[in-house]
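Turn these sequences into a full structure, and let the hints guide you.
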Amino acid sequence: MVTTQHSGFSLELPRRAPKLSRSDASIILVGCRGAGKRTLGFIAAKHLGRRLLTEEQFFEQITGYSRASFLQQRGREAFERQMAVVLAGVISTNRTNCVIECGTALLSPETEDVIRRLADTNPVIYIQRDKLELQKLLGLPPSELERFLLNDQRHRNISNLEYFNVSDLGGEDHNASLPAVRSSLMSAARLVKARKDFTAFLDLILGQGLARSWTENPFSIDAVPLEYRAHSFVLHLRLSSLLSFKHDLSVLEASAEAVEFIVDTWPDNMLDIITEQVALIRRKLDLPIIFNVEEYPREERRRSQEECDVVDLQLLLHGLRLGVEYVSLDLKRNENIIYQVLTRRNRTRIIGHYTFRGFGLKLWDDPSYLDCYLKAQELGCHIVRILRFCMGDRPDESREAFIRSVRSLPDPKPPLVAYDFSVFGSSIPKLSANLNPVTHELLVNSPSEWVTGVNTGRGALRVAFRNGTLKALHFYTLGSKVHYSVTPSMQRAAFEHYMMAHTFDAKQCRTVDEVNRVFAEDDFGGASVAPPFKLDIMPHIAHLSSHATAIGAVNLVLPLRGETSSILDHANARNTGGVTRSLYGDNTDWSSIVNCLRRAISPRNSIQRTRTTALVIGAGGMARAAIYALTKLGCRNIFIYNRTRARADAVATHFNHFAAQHNLYLSGNGLGQSQHVPICHVLDSVNQPWPEGYQQPTMILSCIPADGADEAPTVDFRMPPQWLRSSTGGVVVELAYEPLITPLVKMIRRMRDEAATTATSTSTSNSNSGTPLAHTPNTHTSNGNNTNNNNNSLWVIVDGLEVVGEMAVEAFELMTGRKAPRNLMTRVCNETWERQSLPFQPQR
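Residue 1 is where the sequence shown starts when you use the UniProt record's numbering, and the numbers rise one by one after that.
Some hints here could point you the wrong way.
Subject to a maximum C-alpha distance of 35 Å in a straight line, what follows is the list of computed DSBU-like cross-link-like pairs (lysine-lysine) [claimed, not checked]: (1) K362 <-> K284; (2) K196 <-> K284; (3) K284 <-> K471; (4) K632 <-> K746; (5) K413 <-> K471; (6) K632 <-> K507; (7) K196 <-> K413; (8) K413 <-> K481; (9) K136 <-> K332; (10) K136 <-> K246; (11) K481 <-> K332; (12) K413 <-> K332; (13) K746 <-> K507; (14) K46 <-> K332; (15) K246 <-> K284.
Hint data in this document are derived by calculation from the structure and do not stem from the laboratory.
Encoded structure:
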């Protein structure tokens, strides 16, 4: 550890920083009891398709004793020696494709040395958690908690990465105001956000995040690196501002494409505070992070150059330990700092940074600026950023000439960001319109705001539309019955949030020719496609996503206006007008269903590939999307029921063929028995019992139109009770939302209420009698057709409005290339439905 004195306290900083490891290297999780290592270990193992090895598991397998028994019989000293031997053996034979969870029992000199050596080749992640949550969880008195946390700090010195496990507060308190039918959020697994954060962290440190996003959707905002996006904005967040910020960070959502986290002050417990703040930014804003350390922190004493170099290096290395996407490296600093950061960056991308301040600075056409760029390129920086303080000269022509000279250099070369700044803000030319610095209205009046000031992202976009850099486009929802759609209101609210000049309308069309005329407009920006055109327009779309092809339907169309055939060119041509060169068709129905299911599935019903069973009602386009979503979640036992057996057979055949093409078949059925079976099966009648040999469904998706769309009659479907006997309940997804309260929703709601009333009555009766509940024998059967083992109170409902909201959020991001203001759009979705439908429909 490096120790430096600061304002009367000793600041300890770790020497270890991440090194580039193999993408299949085993991951080791360390940290104190209660930090959440086991849960995160399960998440990591499932996400990466690896084995999870726990401390208790491998100790007992090798020694034949539990840790407690061995400790009691042999004593502490023998236990620590044996643990070191066991750990070394496990690591030597499991260096790849595993997730290894290690607990506090490993904190002995011998075991610490084993892990310290492992950190030279493998990711060793120190898991942390809020100390107040730990105190509540473990029931420790304050004095003992401090000793506990001090001991936990030892993990920092044997690890090379850090992850702060933010608690998911999406429980009852947060959602208490939601209507009863919106129980998918109230009853959902509490680990959804933790799963999202940690899997993104793993993808980043293993170098597979970009590839995964590109494979899923090349037009998603995560598929295009920040430095290659057109007109991207970076929100400046200073540590000093965050420590005094009076709002929840979520109020800053959708303010930019990235966050530049600037360490500009030295609070007590600085490393822990920085670690937590980075985690909160990830959780609340879900944006890439640029980690920046100011050379001279404000409100701090002036430091000697030696102290400055030592502390700043360790802070930069700490940023690398946090697995941030980018680190801003001042190339005018000590060469040792530059070398250490560049050689220990792991997969973090480096922004080579220059700031030129003072009076009488040379203009941009001076050769010294090009020399700076070439130096950064030679060092291996991924981006070069040059800032020049101007005193009103605003040399735009010389700056644009400098940018053109860099563009003329042979490829490959790092992207350039070059702009002037002054006390009035930054000045960025059209030719260098990425990584523009912006702030937020709630931060503008902060006493810690940078004296040079920056624009807001909203204001910068408004200027871009006004000066013609970006064009106002028309977006649509197209279908035969879209008058009730809530999508236009959601999209308009998002446009207004960003101060975009776009419009969004619901347009009723009767023929494919009418739809194609909309696509041909010069100011066409994109469209959400509703029935009956999801299948009919496919022959008119030049490029289809893999998802649209697999499902056999399109629900989103984008114009391609790139100057070349490059997807990057097409992605960066969004928000510009002109002739549409071709069309791109995608399907986001499936991903919206996936997101809703992930929120609603309880831990008890987590998907197991060979055992979990799902039921899909219907055989139309949405049913196809639902089945595709289930395969993406890993479910391999899918049953289909439809009034017309032939249509259900056709859908089952389609996806069984898809499963064969993509090797999705499993050797095993719903009971884990070894045999080769297809993934889709068709049910004949609502009167038949649930098929023998398969578990009762824990995911039920109703994909039949409730409003008679496409001239089809309204289907008044009622779920057979013998298909609702899962002992652990499950999730019911109703994809219709006009009307929202369908017969199926009413049935599940009534079933839950009756079960809850019965449970309350039984509890009260037994309490009054003083008699304990009699033991109920286990009546579980493979198909759950015995009526004694179902628990109707455990069913969660996801209504159609929730799914539509997810679709609109994803559509906004694909059509505009901007982060959707999710909270705003969700609120507008609910308000629009209530305004349009509540007087005529039951309460939600």
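Contradicted hints - numbers only: Violated hints: 1, 8, 9, 11, 14; rest satisfied.
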